[in-house]
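J.: What follows is the residue order along each chain.
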Amino acid sequence: MTARVFVPRDSGALAMGAESVAAAIRDEAGRRGEPVDVVRTGSRGMYWLEPLVEVDAGGSRAAYGPVAASDVASLFDAGFLAGGAHALGHGPVEAIPYFANQERVTFARVGIVDPWSLDDYLDTGGFKGLANALSMGGAEIVDTVTESGLRGRGGAAFPTGIKWKTALDAPSDVKYVVANADEGDSGTFSDRMVMEGDPFMLIEGMIIAGLAIDAREGYIYLRSEYPHAHETLRRAIATAYDHAYLGDDILGSGRAFHLDVRLGAGAYICGEETALLESLEGKRGMIRPRPPLPAVSGLWGRPTILNNVITLASAPLIFEKGAAYYKDYGMGRSRGTLPFQVSGNIRRGGLVEKAFGLTLGDLLYDFGGGSRTGRPIRAVQVGGPLGAYIPESQFDTPLDYEAFSGIRAMLGHGGAVAFDDTVDMAAMARFAMDFCAEESCGKCTPCRIGSTRGVEVIDRIRADADRSGNLRLLGDLTDLMLYGSLCGLGGLIPYPVVSALKHFPEDFGAEDVKELNLPF
Amino acid sequence: MQSITDRDLGTPRPKTTRTVTVEIDHRTVEVPEGSTVMHAAAANGIAVPKLCATDSLEPFGSCRLCLVEIEGRRGYPASCTTPVEAGMKVRTQSERLADLRRGVMELYISDHPLDCLTCPANGHCELQDMAGAVGLRDVRYGYEGVHHLDAETDASNPYFAFDPSKCIVCSRCVRACEETQGTFALTVDGRGFASTIAAGMNEPFMDSECVSCGACVQACPTSTLMEKSVYAHGQPDRTVTTTCAYCGVGCSFKAEVKGTQVVRMVPNKDGQANHGHSCVKGRFAYGYASHPDRITQPLVRASIDDPWKEVSWDDAIAHAASEFKRIRDRYGRNALGGITSSRCTNEEAYLVQKLVRAGFGNNNVDTCARVCHSPTGYGLKTTLGTSAGTQAFDSVEEADVVMIIGANPTDGHPVFASQMKRRLRAGARLIIVDPRVIDLVRTPHVQADHHLQLRPGTNVAVINGLAHVIVTEGLTDDAFANERCDPDEYAEWKAFVSHEKYSPRNVERMTGVRAETLRRAARLYAKGPNSAIYYGLGVTEHSQGSTMVIGMANLAMATGNIGREGVGVSPLRGQNNVQGSCDMGSFPHELSGYRHLSDGETRRLFQQDWGVEIDPEPGLRIPNMFDAALDGSFKGMYIQGEDFVQSDPNTQHIEAAMRAMECVIVQDLFLNETAKFAHVFFPGATFLEKDGTFTNAERRIQRVRKIMPPAAGMADWEVTQAFSNAMGYPMRYAHPSEIMDEIARLTPTFRGVSFETIDRLGSVQWPCNDAMPEGTPTMHVGGFVRGKGKFVVTEYVETDERSSRRFPLLLTTGRVLAQYNVGAQTRRTPNREWHDEDILEIHPHDAEQRGIADGGLVSLASRVGDTVLKARVTERIQPGVVYTTFHHPLCGTNVVTTENSDWATNCPEYKVTAVEVAPVTRLSEWQEQYRDFTRKQEDLLRERASVRT
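Going down the list, the sequences are from chains G and H. Per our numbering, residue 2 is the first one in the first sequence, and the count goes up by one each step. Per our numbering, residue 166 is the first one in the second sequence, and the count goes up by one each step.
Incorrect hints may have been included.
As the list claims (entries may be wrong) - Only some residues are given here: those of chain H computed to face chain G with a beta carbon under 8 Å:
hint, residue
1, Ser227
2, Arg229
3, Pro248
4, Phe358
5, Leu1105
As the list claims (entries may be wrong) - Stretch by stretch, here's where chain H covers chain G in the computed footprint (C-beta under 8 Å, at least three residues):
hint, segment
6, 440-452
7, 476-483
In case anyone wonders, no lab produced these hints; they're calculated from the structure. By construction, the Cβ of each residue, glycine as well, lies at the ideal position given by its N, Cα and C atoms.
Could you put the whole structure together from the sequences, leaning on the hints where they help?
T.: Encoded structure:
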C-alpha cells in the first residue's frame, strides 16, 4: 500500500523549507523503494512546527515537525510512514493541545485537504452550501447571512447581512462581488492560509454572494506579495470553470458567475475598500469619499459586495449547516469564530480559530505559550498596525468586538503581535506614525501632512526637545487625525500612538497624560 | 484662481427641481435634493471653510476643513461629500469644529512659504482666506521639518507658472484636467507627504500633453498655478462679462481688468455655451490686442506701390468715399461691393450689408461663410427649413451616439470637445468619419467605436452607404419620417439609397471604408436611441458640400434623430460670429433672417424702413467679385475684417484680382495679407474695444462688452456709419443696441432680441419672438420649420479633382489648436510656441517612396501652384493623402488649393487637391516673391508719413 505523507505548500511552511522536505521525502522513498504519495496541503497554522509533516497512520494523522530535509532519512529509519516514534514526533495532530483546543469551523479543511483537489473539497462538504443557496432567492440568501450574525472579518466588523442587503436593494443591471485579499496588516495571515489551503471555499462563498445580489462577475483583489495564493487561486478557479461552478450556467441553474484574480501593486492603502476599488479599476489607489457606499456605488460605479476573504469564506458553511449553526458560536454581538493570528515575540506563533469570547491572555499564554524570549509580555498590538497596544493589565479582555471597543482597542482582522518588556513604546509610537507616513495615499491633509509631522513631534519628544509642548501637540495631532481623517489609515493610527502614550507614559517621559488633549 | 467675482458654492448644483428641507445653524432652508451639505449651506449664505472643494468639480473630500456636526451622526462628516437628507440638522460652527479646522490649517501652513505679501495670489488666495477664517495664530510644528518649500517653479508654459512650493495638493488642478478638460495631463506623483502634482510623466508643462486650456489655473486655490499676467500686473479690480472672439463655440468670459488693462480672461461659470471652461486661445491668446503691429491711424495711398500716408479719420473716410463715388460714376454702381466680417459683431455685419444695399445700391455683399459653411445654410434650409444647426451644445449630454463627420473638435472647437468627451466618458458611443486619425479617435478614456477613414472627397458615398444599410436592414423610423416629412419624397429617397450602387461593398470600393465598419456604424447610429451628428468643414468644403449636408439631414430624418435633445445635425462653425454674419443678410441673395431678395414683401419692408429701393437681383459672390475684378467690371471693395488673400483658395488668382481693382478698403487690426493690396486702411477695433453681439454655432446671441476705448478712436460700426454718411446714405445710430433694435424690427426670427433681453437672460438663441420669447435651444420640435421635412436624393458624383500620375496624392487641410484661422491674431501671441509654421503630414509609406525625412523641407505642388514647407512623417494620415494647415502666410497652403467649389454655393473644395510632394532644399518661387512683396509692403508701412491735419 502506498503511504500518504502530507507536506504543506503554505507560504509559511515553504519559507521554513517545506519544498526541500517534500523533495527529500520523495527522493528518500525512491531510494528505499517505499511507495509514498506526497500530498501537498495547506498549513495547520502551527507555524512553530513548520515544516510540519503528517502521515496517514490508521485513521489519524501523525505529526512530525519542524522537519528539515536532513531529518528525512532518520524519519524513514524511525518508520514514520507508519507513525513510528521519532524525536520530532508529536503524535496525532488533532491531539496537539494547541490544535485540539481550537474550534476549527471556517478552517475545518485547511491543512488537511489538497487545496488543488476539487474531489477533496467535495468529499469534505464542499459546494453543499452553494447547492442550498441555488434553491433560494436573493432575499432569502441575504436573510440567512443576516441571521448568522456574520460580521465583516476585515476589521470593521460591519454586519455582512446589512451590506449584502444594501447591494441587493441597489437598483442596477450589473453588480459585482469583490474579495478583499489585500491582507496587509502586520501579523495577519488568515486570508492567505485560506487561499492557499482551501481556495474553493472562497470561490463558493463568492458565488453565493453573487447569487444573493444577482452579480454575475467577481474579482479577488490579491496582494502581489502572495504568489503562492495566486497560483492556488488560479488553479482552483480554472477547475471551478471546468466543472461548471463558475461560468454562464452554474451547475445547470442558468445562473452565471465569472471570477478573476487581480493583483495589487504593494500599497497598503489598497486594502481600504474604496482605494481597492480605485486600484481594481486601474487607477491610483486613493480613498473615495463615502457616501456613496460601495454596496450602492462600488466597482465601476455599480453596487458591489466587497468583503474580506474570511467573511466570504464563511458563507459556504452557513449555507451548508444553517445560520443557527454558525450563530451558536461566539458571544454578545460577535457571532461565530475568528481565526486569531498570534505572532511577534511569542513561543507558539500561529493561527487559532476560536469562537469569540476567550480572553487575550488565553490566546497569549494558553495558545501562544508566552514570549519566545521568556521575558514578560509587556504589550500586545491587536488588529494590525492601526490597532491599539494593550498592556498586561487588560489581557483579561474577552476577544469580542464590543469588549475591545470598550477599552479603545480593536480586534480588527484578528492579528495579535506580542512584545516583551524590552520594548520601547515611544519607538513603537514613532513606528506607527512612520508607517502611516509611508503608506498614506496622500489625499487628506491630516494623514498626508499629519503623519509626517507626527514622526517629527515624537522624535522631538524622544530627544527631550520641549517635551511637554510636543506631548501636547501630539495629543492635538492624534485628535485631529482621529476625527478629521478621510479613512481608517489616518483615522486609526492614533490608536497605537495614543494607547502607547496612555499605557506606557514613562517611555515618553510624560508625567501626567491626563494633562494632554488625548482623543481617548 | 477663480474669477474675483465668482461665488463658489463648493460642489455642483444638482440637476433636479425637487427640494428637501434641512436645518443649518438653526436656520430652516429648502435646498435641491441631492445637494451636499456644503452646497446647501453656501447657497443660503452660510460659508463652510473649504479648500479642495469648488463647484465646478465633483466633491473630493480631501482637505477636511469643511467638517460639520450633524445631529444623530457620529464624528464630523465632511460637508462637501455628505448629501443632505430631509430633516437633517447641521451645525457648521462649534468650538470643536474650530479646533479641528485650526489643526488642519496648522498642518497646511507647516509646509507653505510665508511670503504672502510678495505672492501673486495675495488678496485672492483661498489658503490665506481660510487661515484667516479659522483663526490660525501659531504653527507649533515649526519649519524645521521636511517640506516642499525649495521646489522649483516650472515656467515653461508661456502663460502660466507652476510653483510647487505653494501647492497644497488639493488635486483641484488634476481634477479640472480630468473632469473639465478631459485631457488627463496632470496627476499626483508619489504618495503621502511626497505627493506632488506632475504634468505628463513628471516633465515640464510644455513638454507634457497639457493643452494649456487654463482649467487647472482657474481651479488652483493658491498661486501654485497662476497666470504670468497676474505676476506682471497684480490683481485685477473689476470684471466685464464678454464673449470670446475666436471660434464658433462662443465662450463667455469675464475679462478681469484694472483700469483698461486686461489682467486676465476667466471663463464665465454662468456662460451658457462654455459653463466656465475655456481653451488656450480664448483664455490666454488675447495679447494681439495690444501688439505693436496694431495700426491705430487710418492710412491711404494712391497705389499699392506707394508708401502709406497716415491721415485723420475724416480725411480717410472722405478719401474713401470720393474714390468709391468716382468708381460708381465711372464704372456704374455694380463696380462696388463689400465684405462683412464673421469676426465682427452682428451689428457691424448688418451695417456693412446695409451700406452695400442702401449706400452702394447693389447686392454685391458676401462674407467669409462663402468659403466655410455656406453649404450648411443651403443644405439645412432645403431639408429642414433653417440655415442653422438644430441643437444647443448642452444637447450632447443627452446623446447616446455621437457621429463626428469632418470635424476635429479637440483642435477646432476645444471647449465643446471637452463637453463632448465628458459625455463620451459617461458612456455615449462614438463614430468618426474622417480621412485622418484625429485625437478623438483615441484619447484618454475616449475611443471611437468606429473610425470611417474615408478617402478625401467621398463623403456623399459614405453617407449614402450608411443610409443604404439603415434602409435595407429596416432600421429607419418610418412612423417619424412619414408623419414629419413628405412621404413620397421619403419613399423616393429610400428607393434611391437602397440601390446596389450604395451597398457597403460598393461603397468600400468608392471610399476605402471597409464594408463591415460601415455596416456597424450604420446600425449603431440607427439604434441610438439618441444619435447626434456634429460636423465641420470636412463636410462643407467639397464640390459636393451641400449634397453632403443634405445627406446628413436625410439620415437624421429617416431615423427620427431630430427635434429633441440629444439628437440633431449640428455644424461646428468656425468663426466667433459666422452664424451671426450669415443671419444678418451678408449673402448677396438674402436679407437678414435668410429671406430671399426675390420676396417682394420682405423687400418692401426693408425699402420702407431704409428709404431706398433694393435691387431684387442677387449680387456677386466673393469668387464672382474676383472674376469681375479681373474682367475689369469690379473696381472697389470695402472689406471689413477678412483676409481672403491668405484664406481663400488659389492665392495667385486672388492676388491678380486684388491688383486689378482701383480702390480696396481694408478695415482690420493689422496690415494683413489682403491689406497689402489695399488703398485705404481703416484701423479696426478688437472685441475688447466695442459693444455688440456675437452669435455662436448654436444660434446663441451673446453680448460683447467694451472694456477699453478703441485703439484708433472708433469702433468698426462707427467707421461703417461714417463711411455710409460720406457716401451719401445717412446712418444715425448712437449705440449698437439701436442697430439690434432695427434688426429685430425687420427680422421675424429676431423679433424678441434686444440688448435688454440678452442682458436679462445672459444670452438668447434665435428664433426669439412672440412664440418663443426666451429663445429656442432645440429646433424642429414637433415639426419642421419648413413644414414637411424634405428628403432630397444625394447622388454621389466624384470630384473632378482626382489624383493623377503627375499629382498622385490628395491634399486635405485643417486646423491646429494653438492657431486660429489665418493666424493674424494667434501668430501675434505666444501661441506660436506650439505651432510656428504649417507642417505637411505624410504617411511613412509615401514619405519613404519619395525619400522624405521627418522634419525635412518638401515642395507641395498642385496644378495651380506650389509651395514649400516642412514634413512630418506620421501614421495619423492614410497612405495617398497628405494634410496641412493654413495658419501661416509664408507656408502658402492656399497657393496650392484650387478654385474647384461646391456646386450650390461656390464654397471652395479646400479638402481635396491633387498634389505631388518632393524633397527640396529651398523655398518656392511664390514664397520668394511673397517675401519680397511683404518686405516691400512693410517698408511702405514703416515709411508712412503723417499728413494728419
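J.: A separate judgement is required for each hint: does it hold in the structure or not?
T.: Do the hints match the structure? See the list:
no.: 1; hint: Ser227; result: 5 Å, holds
no.: 2; hint: Arg229; result: 5 Å, holds
no.: 3; hint: Pro248; result: 7 Å, holds
no.: 4; hint: Phe358; result: 4 Å, holds
no.: 5; hint: Leu1105; result: 60 Å, violated
no.: 6; hint: 440-452; result: holds (count 13)
no.: 7; hint: 476-483; result: holds (count 4)
This entry does not satisfy hint 5, going by the numbered hints stated previously; all others are met.
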